[in-house]
Amino acid sequence: MIGICSYGAYVPRYRLDRKTIFQAIGWMNPGTVALAKGEKAVANFDEDSVTMAVAAALNALCGIGRSQLGGVYFASTTMPYKERLNAGIVAGALALDGEVRTADFSGGLKAGTTAMLSAMEALAAGSLAKVMVTASDTRLGKPGSPQEMIFGDAAAAFVVGDENVIAEFKGSYSITHDFADHYRGQFSKYDRQWEDRWIRDLGFEEFVPEVVGGLLNKYGLKMEQFSQVVYDCHYPAARKKLNKVLGVPEGSEQDNLQAQVGHCGAAQSLLMLADALDRAQPGDKIMVVSFGSGCDALYFEATEKIQGRPTQKGVAQCLSEKMLLDNYTKYLVWRDIMPVEVGMRSEEDLWTRWSAVWRSHKLVLGLCGSRCTECCTAQLPAQRICVNPQCGAVDKGEDYLFSDKLGTIASFTGDMLAASLNPPAISGQVEFSGGGKMMFDLTDCNLEEVKTGMTVSMSFRRKYFDQKRDISGYFWKAVPVVEGR
Amino acid sequence: MATGIKDKVAILGMGCTRFGERWESFSEDLAVESFTECLADAGIDKNEIQAAYVGTNFDEVNVGKSAVPLSVALKLPYIPVTRVENYCATATEALRAACYSVAAGVYDIVLALGVEKLKDTGYGGLPGGAARGIKAHMTQANMSAPGMFAQLATAYSAKWGLPMDKIKDAITHVSVKSHANGALNPKAHLRKAVSAEVIKAAPMVAYPLGLYDCCGVSDGSAAAIVTTPEIARALKPNQNIVKVKALSVSASSGEEAMGNTWDGAHFTTTRVAATRAYQEAGIKDPRQELSMCEVHDCFSITEMVTMEDLHISPKGGSYEDIMNGFYDLDGDLPCQVDGGLKCFGHPIGASGLRMVYAMYEQLLERVPEDRKVKNARLGLTHNLGGMPHQNVAAISIVGLD
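So the sequences go chain by chain: G and F. Going by the numbering used here, the first residue of the first sequence is number 1, and it counts up by one from there. Going by the numbering used here, the first residue of the second sequence is number 486, and it counts up by one from there.
Calculated directly from the structure, the hints in this document are not laboratory data. Where a beta carbon is used, it is the ideal one built from N, C-alpha and C, also for glycine. Errors might be hidden in some of the hints.
Cross-link-like lysine-lysine pairs, in silico, BS3-like; alpha carbons within 30 Å at most [claimed, not checked]:
1. F:K644 to G:K405
2. G:K468 to F:K604
3. G:K463 to F:K769
4. F:K604 to G:K463
5. G:K405 to F:K620
6. F:K859 to G:K396
7. G:K451 to F:K644
8. G:K451 to F:K620
9. G:K322 to G:K463
10. F:K620 to F:K604
11. F:K493 to F:K769
12. G:K451 to F:K769
13. G:K82 to F:K620
14. G:K468 to F:K653
15. F:K493 to G:K330
16. G:K405 to G:K451
17. F:K769 to G:K362
18. G:K451 to F:K550
19. G:K396 to G:K322
Across the chosen pairs, the derived CB separations fall in these ranges [said to hold, decoys possible]:
20. F:T521 to G:A393: 48 to 56 Å
21. F:K620 to G:N446: 26 to 34 Å
22. G:E83 to F:A681: 33 to 41 Å
23. G:T373 to F:K800: 53 to 61 Å
24. G:G392 to F:L696: 42 to 50 Å
25. G:E83 to F:K620: 53 to 61 Å
26. F:T521 to G:G434: 35 to 43 Å
27. G:D326 to F:R851: 37 to 45 Å
28. G:P389 to F:L696: 53 to 61 Å
29. G:T373 to F:L696: 46 to 54 Å
30. G:P389 to F:D770: 50 to 58 Å
31. G:V481 to F:A681: 23 to 31 Å
32. G:C375 to F:R851: 49 to 57 Å
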């Protein structure tokens, strides 16, 4: 049996109330008032599609040994690199290195489900036993546009494999149409779209029934057999109509999370799937339909193992940990839409030395330190000579992962002098459970809530962006663990 | 068997520029200024100097690498000139090298000079990340110098249970005292007395450090010419001789930053360097025996913690000493008698020698009554370069014959 073994969602902690957007820039396109309801999820200034994919993947691991992963697939239309495998960065952050198959899936918004299908086919062919499938997007609409209201940032991840399956993969049906409802050219920062009525009436209302009908015919199924129907469509009126046309059983339609997250691009249908799995019971049939340059329809059936599985960090928990952004300009600055004075200190030209990055990739991407085999002292970064003065053994360290350890804050400050897009720059010393200590940036928190002794978990973040050379540089930061905010 | 530096070297002359925003001066100009004062004080000819150690830290925004720009500026006649750099301990390291070369009997008369030109960056604070190296660019947290040192306060509060507002009271007193002392000193950068109310109301730089908890970023230079006590007495038969009693340096081992023992609320290096310095100088009770000190008050919290690490205030007990005025100019052990880094200013590569200069002019009673330390016999200077979790501490003790 092949299928989903585990899943995780990631919704960035910050939300922007759409009314806040409208109040700031609704004057430009008063018609967007119709969209000014609910919240959109906004990636922090140090997040992008890669870091969110890593966060979702770590949530999805949920006790599964990462060494079992034979592949890491990453789907997004907002990847930080055109050349330099983005999935390779995700794999590195998962401390997977070397013998692992990685691929980026991009182009259309159905890239997420296509990545999932490709992984399932690799499992079916027996060439891989476990694959991490991630999808993540941070699409931008221009200030004042409907897209700005509609889009949100989020990620989803799944461990798919051939054992301990909680949702069996039963089949799929795909269609491709070069239907350019939304597009971005190779140099575009912002989404462009054709008329809504055309997208809705011709796109959603013809293609979704086409792919769903294709799937039902192919496997001799009826719509009423499905307990959970996930399909990507952000138009409320079209959803109502489609539910009727498709014959979606009462209560089977899954929330598109438009009110809490917004449309998260290539991750949209998979985020909805992760949410649906939170509620699935053994025997439930689940349909997932993506939309964008065509459609993929996937068909799953929940197994007995979906009960009693370890608690996943799913959509519901992510939604409970939110913090509202207090103003619209912060969002504009974080997404590099509005230029802002960060101070001359920020203009210092710091090169990324790629040979040094490679030499340190286990540390920089994986947060891998060392543990002395003589005295068991954990140390970060890895040391040639053991840091324990009673030991001092030379070259006796073995790889030791810190990214999965919790820590406590031993000291902290909020720094107004350090150049940051989210001042004050909060940093602190983190003492890891199991030993080891390092000074880290703290993120997803306010200075007022940080205390010594507070528990933190580690989060892979964009450490810097070199505008001159178009480089996103990554490292780990500490995030205070705040349950049920 | 090594016997240490005590009484083997004498300071023949010293010089120190006015510290501050010296917009009119390059490093070379500042070096010439402290050097000429130093040479006149020593009463010797330039050609009698046999070797020189010059200290600069931020060479990237300064004179560039090597000792050559300074040997050229001072027109030193083809003698060995060596550039020394060790963060904020730079000038003390230059002095240490000069003293050791005299004590070793290699040279009779040696120059130590520190100089720094910081006010060509275009912004406040110290220059940023490039100086920290490529590893820092990849993995070091985004911290300015105040951000690093501010963390002493939160860790200290956690360690000793002293509430943050009490810490703020103590570090505010530290700054009030240094401003009062600096106001009396014509060579100091910041010469205005400031009230506790003003200090506490100032904008936050790095919690809990406000603007007045941070030292001046200054241009300046200081210099010393050292020789043997015999030569010093021969050249200056009618005055007191200031001798070197101890020179002590301790650099981090990595245990503070990466090990599991450091509490973040003290300087391991300072404790070690202080213990060794007292041993070298034959000091048994520094609280009783020292007449005065100049410590590394890059930030007010650094001074608060340092007074414990120098084994003067009890561990966890600097609050009482500070609030009781123990370190005030009229207190039992005046600290930052010239205004300290806080108000005299902190041109990194010059500060160590500036501190010794402050001790030197007190020991020789060359200061006006209003800022004179009574019965000054023995003074300690202390530098701390780097960050609390990874640094170098340098201590010198000088005293009268």
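Okay, which hints does this one fail, numbers in order?
Failing hints, ascending: 3, 6, 12, 14, 15, 17, 18, 19, 22, 23, 25, 26, 27, 28, 30 and 31.
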